[in-house]
Each structure stands twice: as structure tokens, then as C-alpha cells.
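**Q** With the hints as constraints, model all of the structure from the sequences given.
Position in the sequence shown (from 1) plus 3 gives the number in our numbering.
For the record, the hints were derived by calculation from the structure and aren't laboratory data. Owing to the predicted nature of the structure, the values given are computational and were not obtained by experimental measurement. Please note: incorrect hints may appear among the correct ones.
DEER-style ranges, computed between Cβ atoms [as the list claims (entries may be wrong)]:
id, residue 1, residue 2, range
1, P34, L12, 18 to 26 Å
2, T51, R28, 34 to 42 Å
3, D19, Q57, 13 to 21 Å
4, A58, S33, 35 to 43 Å
5, A58, Y35, 15 to 23 Å
6, V11, L55, 36 to 44 Å
7, G54, L16, 16 to 24 Å
Cβ coordinates follow ideal geometry from the N, Cα and C atoms, glycine included.
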Amino acid sequence: MADADLHVLPALLGADDPAIYTLHRPQGASPYLLPADHAGQQVPRALTGLGLAQAEP
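**A** Here is the structure:
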């Protein structure tokens, strides 16, 4: 993919999709950053569920 092609890709996240990060204690004074990744069930609407069916209860 050429660099010029990057400008024509559709947006992955829409306004109704959940935020991609959460900031806890923004007033904290620690010099350390603790990033954490958590697998979840949220999939951007643009990906249409990744082609997977909804899980059964």
C-alpha cells in the first residue's frame, strides 16, 4: 500500500463506537505510566461484527 492510499481509507471508529481508552486519575502526579490491555467484546460498527454471529446465552 502506498502512502497516498492511507488518505482514502474509511474511518474505523464512528461517533457511536465506545472510546478506545479510559483515563483513570488524570490528576495523578506519578512519573510512571501503567498501560493495560484487556480483551473485550466491543467491535467497531464499521467491522460489522467481524462476520461472527452473536454468542448464545
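**Q** Each of the hints needs a verdict: does it hold here or not?
**A** To see whether the hints hold, each was checked on the structure:
Look at P34 against L12: about 36 Å separates their beta carbons, and that is not inside 18 to 26 Å. A hinted range of 34 to 42 Å for the beta carbons of T51 and R28 is consistent with their spacing of about 35 Å. For the pair D19 and Q57, the supplied restraint of 13 to 21 Å holds, since their beta-carbon distance comes to about 18 Å. A hinted range of 35 to 43 Å for the beta carbons of A58 and S33 is consistent with their spacing of about 38 Å.
Separation of A58 from Y35 is about 37 Å and departs from the stated range, judged on CB atoms against 15 to 23 Å. V11 and L55 have their C-beta atoms about 27 Å apart, which leaves the hinted 36 to 44 Å range violated. G54 and L16 have their C-beta atoms about 19 Å apart, which keeps the hinted 16 to 24 Å range intact.
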